[in-house]
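Position chain Y against the provided structure of chain B, taking the given hints into account.
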Amino acid sequence: MPVTTINGRGIHVDDEGFLTVYDEWDEDLGKALAAQIGIDMTDAHWKVIRFLREDFATQFETATTRRVETVGGVPTKEQFKLFPKKPQKKMAYVAGLPKPRGCV
Amino acid sequence: MTATESAPAIVPDFGDDEDTGRKLAIICSKGNLDMAYPGLILANAALGEGVETHMFFTFWGFDMITKSRMHNLQFTPAGNAAMHLPVGDVRLPQLLAPLPGMTTAATKLLKKQIADLGVPEVPDFLDQIVAAGGHLWGCRMSADMMKLEEKDLRDDVEGILTAADFIVLSNGAQLLFI
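For the protein sequence lines, the chains are B and Y, in the order given. Be aware that the first sequence starts at 3, since it is given in our numbering, and climbs by one per residue. Be aware that the second sequence starts at 11, since it is given in our numbering, and climbs by one per residue.
Looking at chain B on its own, in the form it has when it is part of the complex (with noise of 0.2 angstroms):
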């Protein structure tokens, strides 16, 4: 599994470079993530990563766009505002998390 550094750290990533262990992760790494992919972090974007770090250290799976939209209660379009074009990867990305595995 391939080690990459960001933000002066070692991390754990697949081979696409998303983060493979979820204790590697905090808030400074997600914002530098966040960075590397020109999105700049706001409350709003906050508000759907803490959901999905927190629905995944229960639910083991990274949400989805729908449920992001129906559990974390941000809707679809403001998900495409704030993580533009591949909104469910980017966020996944930027938490740290595996991408989504469910279809819907």
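Quick caveat, the hints were computed from the structure, so don't treat them as lab data. Note that beta-carbon positions come from the ideal geometry of N, C-alpha and C, so glycine has one too. Among the hints, erroneous ones may be present.
Taking lysine-lysine pairs in the DSS-like style, the calculated list, with each CA pair at most 30 angstroms apart, reads [stated by the list, open to error]:
#1 Lys-49/B x Lys-87/B
#2 Lys-79/B x Lys-161/Y
#3 Lys-33/Y x Lys-101/B
#4 Lys-101/B x Lys-121/Y
#5 Lys-83/B x Lys-33/Y
#6 Lys-79/B x Lys-77/Y
#7 Lys-157/Y x Lys-79/B
#8 Lys-79/B x Lys-33/Y
#9 Lys-121/Y x Lys-40/Y
#10 Lys-101/B x Lys-122/Y
#11 Lys-161/Y x Lys-40/Y
Label pairs and their computed distance ranges (CB to CB) [said to hold, decoys possible]:
#12 Asp-27/Y x Glu-63/B: 44 to 52 angstroms
#13 Val-23/B x Asp-165/Y: 43 to 51 angstroms
#14 Lys-101/B x Phe-69/Y: 34 to 42 angstroms
#15 Ala-59/B x Met-155/Y: 29 to 37 angstroms
#16 Gln-38/B x Gly-143/Y: 18 to 26 angstroms
#17 Ala-59/B x Asp-134/Y: 21 to 29 angstroms
#18 Gln-38/B x Ala-91/Y: 49 to 57 angstroms
#19 Gly-104/B x Asn-90/Y: 22 to 30 angstroms
#20 Met-151/Y x Val-23/B: 52 to 60 angstroms
Just chain Y now, kept in the frame of chain B:
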């Protein structure tokens, strides 16, 4: 030369810089509950990948966007040789499939299975698709046949198109007929 050189960080390529111009058009021609979902799931997935997506509803598929019908799509085991009972690998004998109440029971069961996966009902799913930037279109001939007008359809249906309009609209798109 110092020894501080390091490899570039591994960051996923979300393809933001490239304009692929990829476009998908899905023709939904079925009004059975089970056959409503393939188009919805693929449209939703395509939008999540940043692909411009159009859904064109025709014939029985019109029920998916008709206000008075969209909440009541049904699933029938009749004529479906792959209809298994919820236990083991037991098939439902086709002789039993047309019995009264069977469609209602099968619809209820399918709806529950879909809901258990966190997948929305058809109208909610279309809400999500529109929120994600998807486009909905009705078919002119189906509207004429069923004597329906735009006011009978979901408000977010962008228009009723002729076959020729659809061919123009789907220029350069990948096409799926369901």
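Check your understanding: Which numbered conditions among the earlier hints are violated in the structure presented, ordered from lowest to highest?
Key -> When the structure is compared with the hints, numbers 7, 12 and 15 turn out to be violated.
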